[in-house]
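Colleague: Residues per chain are reported as follows:
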Amino acid sequence: MTLPTHQALLIILVSAIATFLTRALPFFLFPPHKKTPTFILYLGKVLPFATIGMLLVYCLKDVSILTWSYGLPEAISLLAITAVHLWKRNILLSVGGGTLLYMFLVQVIF
Amino acid sequence: MNLKSLKKAFPYTIPVLLGYLFLGSAFGILLSSKGYGPLWALIMSVTMYAGSGQFVAIGFLTSPFDLINAFVVTLMVNLRHLFYGLSLLERFKAAGKKRFYMMFSLTDETYSLLCGIKAPKEVDKHQFYCSIGFLDHIYWIISCVLGNIIGSTIPFNAKGIDFVMTALFMVIFLDQWKDSKTHIPQFVGIGISVLCLLLIGAENFLLPAMSLILICSGILKRRLEAKLA
Chain A
0 MTLPTHQALL
10 IILVSAIATF
20 LTRALPFFLF
30 PPHKKTPTFI
40 LYLGKVLPFA
50 TIGMLLVYCL
60 KDVSILTWSY
70 GLPEAISLLA
80 ITAVHLWKRN
90 ILLSVGGGTL
100 LYMFLVQVIF
Chain B
0 MNLKSLKKAF
10 PYTIPVLLGY
20 LFLGSAFGIL
30 LSSKGYGPLW
40 ALIMSVTMYA
50 GSGQFVAIGF
60 LTSPFDLINA
70 FVVTLMVNLR
80 HLFYGLSLLE
90 RFKAAGKKRF
100 YMMFSLTDET
110 YSLLCGIKAP
120 KEVDKHQFYC
130 SIGFLDHIYW
140 IISCVLGNII
150 GSTIPFNAKG
160 IDFVMTALFM
170 VIFLDQWKDS
180 KTHIPQFVGI
190 GISVLCLLLI
200 GAENFLLPAM
210 SLILICSGIL
220 KRRLEAKLA
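Quick mapping for you: the protein sequence lines, in order, are chains A and B.
At position 74 of the first sequence the residue is numbered 73 (numbering that gives the first Met the number 0), and the sequence of numbers has no breaks.
At position 101 of the second sequence the residue is numbered 100 (numbering that gives the first Met the number 0), and the sequence of numbers has no breaks.
Read the hints as simulated data drawn from the structure, not as lab findings.
Errors might be hidden in some of the hints.
Quick list of in silico lysine-lysine cross-link-like pairs, DSSO-like style, CA-CA up to 30 Å [claimed, not checked]:
hint : chain 1 : residue 1 : chain 2 : residue 2
1    : A       : Lys44     : B       : Lys33
2    : B       : Lys33     : A       : Lys34
3    : B       : Lys33     : B       : Lys158
4    : A       : Lys44     : B       : Lys158
5    : B       : Lys6      : B       : Lys96
6    : B       : Lys220    : A       : Lys44
7    : A       : Lys33     : B       : Lys158
8    : A       : Lys60     : B       : Lys158
9    : B       : Lys92     : A       : Lys87
10   : B       : Lys180    : A       : Lys60
11   : B       : Lys158    : B       : Lys226
12   : A       : Lys87     : B       : Lys6
13   : A       : Lys33     : B       : Lys177
14   : B       : Lys3      : B       : Lys124
15   : B       : Lys124    : A       : Lys33
16   : B       : Lys92     : A       : Lys34
17   : B       : Lys33     : A       : Lys87
18   : A       : Lys34     : B       : Lys96
19   : B       : Lys92     : B       : Lys226
20   : B       : Lys92     : B       : Lys117
21   : B       : Lys120    : A       : Lys44
22   : B       : Lys7      : B       : Lys96
23   : A       : Lys34     : B       : Lys6
24   : A       : Lys33     : B       : Lys33
25   : A       : Lys87     : B       : Lys158
26   : B       : Lys117    : A       : Lys34
27   : A       : Lys87     : B       : Lys226
28   : A       : Lys60     : B       : Lys7
29   : B       : Lys158    : B       : Lys92
30   : B       : Lys180    : B       : Lys158
31   : B       : Lys124    : B       : Lys177
32   : B       : Lys180    : B       : Lys220
33   : B       : Lys97     : A       : Lys87
34   : B       : Lys117    : B       : Lys33
35   : A       : Lys34     : B       : Lys158
36   : B       : Lys177    : A       : Lys60
37   : B       : Lys3      : A       : Lys34
38   : B       : Lys33     : B       : Lys7
39   : B       : Lys92     : A       : Lys33
40   : B       : Lys180    : B       : Lys7
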């Protein structure tokens, strides 16, 4: 089913507001003209490192390691990315090469 | 934003371009299969600009009208964004009115680029950050609309191309690894997330993981603060 136009627009508006809120809330809670609490400043330094790790796990959350293909395509590709990136440190090469390898693995090998 | 900052930002955004072409067109195809045409794809990608958020919104658009449910579920789905804002408070501080667009455009991918790269010296850093968000936004809009129009006619076997985002986050992770004096926050992020994933399952692990990461960061404050300065 599809909703009537005005209802669909309202749904999109509300979803857009909710999305913006999750992105903007920290900036509204701690505005530039006020002194940010030191604990929040500390979080600002530590969270980027922890969050990228969390995001990586989030991307891999649906990989099943107990059933075929045991997460092997993901593991092989991530190892290859690590090796290539430590060697050349070229983002495009690492990301592009890693993705092509993964596509090859899931389409042809596994 | 000006042409110079857009040009400087462009090379960094190419992985996101590739990823969005895939994710955005997947969204466009799904939306069109539910009876919503390109204009809807345009409106949603311009105003919401959120991958998982927009996929979830297709559900709201195809079930009985319920605004409160749409609001609450979207908040929950995007809760991880709170961490992005907290991470970037200082960086966005002096950006003036541009801040609002920079907040709006903080997707997973834009956030990870902002975490992983430093603005080149020749350009104003706020212009540069803003340009990255803007370019990513444009890629997203084009991909969603294009997918909606021509998506299902593409003959190319794209299976596995969504891995491009995972690859991007992995590379940012490695760059951070090399640039930081301590790796404890990275272990905390990965370790707690894996633990929560195993204990709670893929559906609901993110909120507990975020809470535990905050608690652990608090406990480790004295140890980490000096090393992170």
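Colleague: Look at each hint and say if it fits the structure.
Modeller: Going through the hints against the structure:
{"no.": "1", "hint": "Lys44/A with Lys33/B", "result": "violated (43 Å)"}
{"no.": "2", "hint": "Lys33/B with Lys34/A", "result": "violated (48 Å)"}
{"no.": "3", "hint": "Lys33/B with Lys158/B", "result": "holds (22 Å)"}
{"no.": "4", "hint": "Lys44/A with Lys158/B", "result": "violated (37 Å)"}
{"no.": "5", "hint": "Lys6/B with Lys96/B", "result": "holds (22 Å)"}
{"no.": "6", "hint": "Lys220/B with Lys44/A", "result": "holds (11 Å)"}
{"no.": "7", "hint": "Lys33/A with Lys158/B", "result": "violated (49 Å)"}
{"no.": "8", "hint": "Lys60/A with Lys158/B", "result": "holds (18 Å)"}
{"no.": "9", "hint": "Lys92/B with Lys87/A", "result": "violated (34 Å)"}
{"no.": "10", "hint": "Lys180/B with Lys60/A", "result": "holds (28 Å)"}
{"no.": "11", "hint": "Lys158/B with Lys226/B", "result": "violated (42 Å)"}
{"no.": "12", "hint": "Lys87/A with Lys6/B", "result": "holds (23 Å)"}
{"no.": "13", "hint": "Lys33/A with Lys177/B", "result": "violated (33 Å)"}
{"no.": "14", "hint": "Lys3/B with Lys124/B", "result": "holds (12 Å)"}
{"no.": "15", "hint": "Lys124/B with Lys33/A", "result": "holds (22 Å)"}
{"no.": "16", "hint": "Lys92/B with Lys34/A", "result": "holds (11 Å)"}
{"no.": "17", "hint": "Lys33/B with Lys87/A", "result": "violated (44 Å)"}
{"no.": "18", "hint": "Lys34/A with Lys96/B", "result": "holds (19 Å)"}
{"no.": "19", "hint": "Lys92/B with Lys226/B", "result": "holds (23 Å)"}
{"no.": "20", "hint": "Lys92/B with Lys117/B", "result": "holds (16 Å)"}
{"no.": "21", "hint": "Lys120/B with Lys44/A", "result": "holds (22 Å)"}
{"no.": "22", "hint": "Lys7/B with Lys96/B", "result": "holds (21 Å)"}
{"no.": "23", "hint": "Lys34/A with Lys6/B", "result": "violated (35 Å)"}
{"no.": "24", "hint": "Lys33/A with Lys33/B", "result": "violated (47 Å)"}
{"no.": "25", "hint": "Lys87/A with Lys158/B", "result": "holds (27 Å)"}
{"no.": "26", "hint": "Lys117/B with Lys34/A", "result": "holds (25 Å)"}
{"no.": "27", "hint": "Lys87/A with Lys226/B", "result": "holds (27 Å)"}
{"no.": "28", "hint": "Lys60/A with Lys7/B", "result": "violated (34 Å)"}
{"no.": "29", "hint": "Lys158/B with Lys92/B", "result": "violated (41 Å)"}
{"no.": "30", "hint": "Lys180/B with Lys158/B", "result": "violated (38 Å)"}
{"no.": "31", "hint": "Lys124/B with Lys177/B", "result": "holds (22 Å)"}
{"no.": "32", "hint": "Lys180/B with Lys220/B", "result": "holds (15 Å)"}
{"no.": "33", "hint": "Lys97/B with Lys87/A", "result": "violated (35 Å)"}
{"no.": "34", "hint": "Lys117/B with Lys33/B", "result": "violated (41 Å)"}
{"no.": "35", "hint": "Lys34/A with Lys158/B", "result": "violated (49 Å)"}
{"no.": "36", "hint": "Lys177/B with Lys60/A", "result": "holds (25 Å)"}
{"no.": "37", "hint": "Lys3/B with Lys34/A", "result": "violated (33 Å)"}
{"no.": "38", "hint": "Lys33/B with Lys7/B", "result": "violated (39 Å)"}
{"no.": "39", "hint": "Lys92/B with Lys33/A", "result": "holds (11 Å)"}
{"no.": "40", "hint": "Lys180/B with Lys7/B", "result": "holds (28 Å)"}
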